[in-house]
Amino acid sequence: MKRLSINILHLLLLLSLPQLCPAGEQGMVREEWKLNQIQQTPSGFMQRSGRDPYIVFPPMEATNYDITGVVMEIAFNPMPEKPFLMELFWCLDYEGFSEYRKVFFVLLPEKKGDTITFFVPLNNQGGFRQFRLDFPRDIETSFQVKRFEIVTDQQIAEDVKRIEPFYKLTVTETRTPGVIIPYILHGIQHGLSRLLKDPAFLIVWVLLIFGALVTTRIISRDLRKQEVEESDK
Amino acid sequence: MLQTLKNKWHLFYANSDNKQFLRFLLIALILRMMIMPFFGHIDLLSEARRVFYWAENNIFIDNIARNTTMFIEVIFFRIFHFLLPESQSMFFHADIAHSMASVPHSFEFVSHLTTFRTFFIFKIPYLVCDLATAVILYNYFSDKQKGLRSSIMWLFNPVTIFAFYIFGRFESIPIFFIAAALLALKKNKIILAALLLGLCLNGREMMILYFPIFLVAIVFSTNTLLTLRQKIIGSLLIIVFAAVTMQIFSVLGIHTVDAAGSEGVVLVKENRIQHLFAFSLHRIMFLPLAYTLVIIWVFISTVSEEKKLLLGGGIAMMSFFAFTAHTAHFTSWMVIFPAIFYGYNRTFLKPFIVFCLVWVGYWMFMTDLGVFTLWLAAPFSLHFTGIPNIPTLYSHMSGNFGIFDLNMIIYMMRTFFLASLISLAWLMIHTTIHSDEKTLH
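Protein chains in written order, with the numbering used here: chain V, 1 to 233; chain S, 1001 to 1441.
One chain only, chain V, in its complex shape (with noise of 0.2 Å):
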């Protein structure tokens, strides 16, 4: 049988594997991630195995009120061609996660470099205790979660994208004047803001809107003063 021994060149093959395998340091999930269908390349990237692809990060040492949103960094082989939407569901320690306790977002991919870093603010008076990070069912690209860093305070670095986060309300929050209200006041401020993404069509679209509305007003005019002289007559 052979003797099971320890030479240098093991010594310089261990020392050397952070370098064969770069990701490790950075890249490489940590043991206390639990991954849904998600399976480990050996490049360090993440790829979906199954249908249901997530994230469940370890629980924070005590329920936190003061959490006022995620940042995240996402790095994608490659970065993907179309938007993609994301789920942050959270829990409390005597609860699941639940559709009623998430936010949903849509990433919009980077023109240049392979990351996004982004914020994702949230409002919830109930606390969190734990997060969970489904990626899209048919996602095809792989990805890397660089950062995920629970924030505190407001004061996020400029350089820092933030999410807008939609999340749904129950039929209770439905009928509270107080929440339905300005929700849907959100959503209208949040709508009309869109139509300045894309300056060109606002520009076209509120002149055809305009000249529609003049064309109008000249036939109206030539319309009375046809009646009048009618009517004279």
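By construction, these hints were calculated from the structure, which means they are not laboratory data. A couple of the hints might just be wrong.
List of simulated lysine to aspartate or glutamate pairs, EDC-like, C-alpha gap at most 20 Å [claimed, not checked]:
no., chain 1, residue 1, chain 2, residue 2
1, V, Lys112, S, Glu1086
2, S, Lys1008, V, Asp222
3, V, Lys233, S, Asp1017
4, V, Lys82, V, Asp114
5, V, Lys111, S, Glu1086
6, V, Lys82, S, Glu1086
7, V, Lys161, V, Glu81
Mind docking chain S on chain V? Use the hints.
Coordinates of chain S only, in the frame set by chain V:
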């Protein structure tokens, strides 16, 4: 040439009725332009993907049942494509047969920065056909006041505005062709009518309901102005178009594959066709019953072909909505009939208003008017998708309402809807049979 057009325009504009019509047309255009960019069902994405695929591959005719609609959409897309910088990212998928009809796909689609212009541009063919239908209705009557009345009902009813611009479906295209066919029939241009109706049949599968009515009306016509040659050509034309719509050649064993690689489906094998025969009582099927009565009336009646298609087509289409399951935007198919009859008879206004109100009520409780909060308002703001829909809200609120739970409300609304259809149908029959010949011809 230009001078002739100028003279024609001045002549047209000198008439106060024409001015009024133009004014209403422009108001309708403004209303439509204001809502076009902001609403749409996921079906619009599915359709847009197909149109993108056809246009990119120079496919104008395919082995599908609705080539007219496809052709018009592809032509418009080719014209306006340069205004859609994100079309590749929005619509391209390596597998065109891959379904994108899901909530995440819809939300991803509407999150593009050029979503509003995309919705606007994709609805332009629907807008053109919608307004062209109004022009047909205005010209349908020799009395311009009647035409004005009819076109106003068409332009300002909630059903078609919802279907074409909020749901965002192509229904205005086949409807334009049935309107044009009716006008051609009124002017005794049978071959043109057959051609236009054939294009209508090839614009939407369910328009096939018009085919037997038109065929029986032409073959058994007692109109002395129609020659045998016109009858034969008209009949043959409509048979060919109907055969294409039904993909009847597939029944004969010819294997067809569409451009996306999917196997051609014969109309009679499609699931939706089962709806036509779903409503029955002791083996008596109500839609076939109503349809048979229509065909018998078309066969024995001596009224003009135009009125046979108008009343027969209207009753057949309304029977479809009375006795089958359908979705909110399909109702737009039948609005053309009360709109024309309103030109003939002013009393149509009140029952039509009732019909519109009941339609809104029925679909509010059935699916939140075509799942407004889930899909339709998503292009404007995804925040609206977080609001529970009306059926959900009513279910939670109706705990103390006794027997008036959600199901009861839906049944009641459906019954009201049926009553409004019957009242419209009765008025259509009454107008056709009892009105003065001068009024109708």
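Hint-by-hint comparison with the structure:
1. Lys112(V) x Glu1086(S): holds (17 Å)
2. Lys1008(S) x Asp222(V): holds (18 Å)
3. Lys233(V) x Asp1017(S): Given pair lysine 233(V), aspartate 1017(S) holds - Cα atoms ~18 Å apart, limit 20 Å.
4. Lys82(V) x Asp114(V): holds (14 Å)
5. Lys111(V) x Glu1086(S): With Cα atoms ~13 Å apart, lysine 111(V) and glutamate 1086(S) stay inside 20 Å; holds.
6. Lys82(V) x Glu1086(S): With a Cα-Cα distance of about 9 Å, the restraint between lysine 82(V) and glutamate 1086(S) holds, given a limit of 20 Å.
7. Lys161(V) x Glu81(V): holds (18 Å)
Going through the hint list in order, the structure satisfies each hint without exception.
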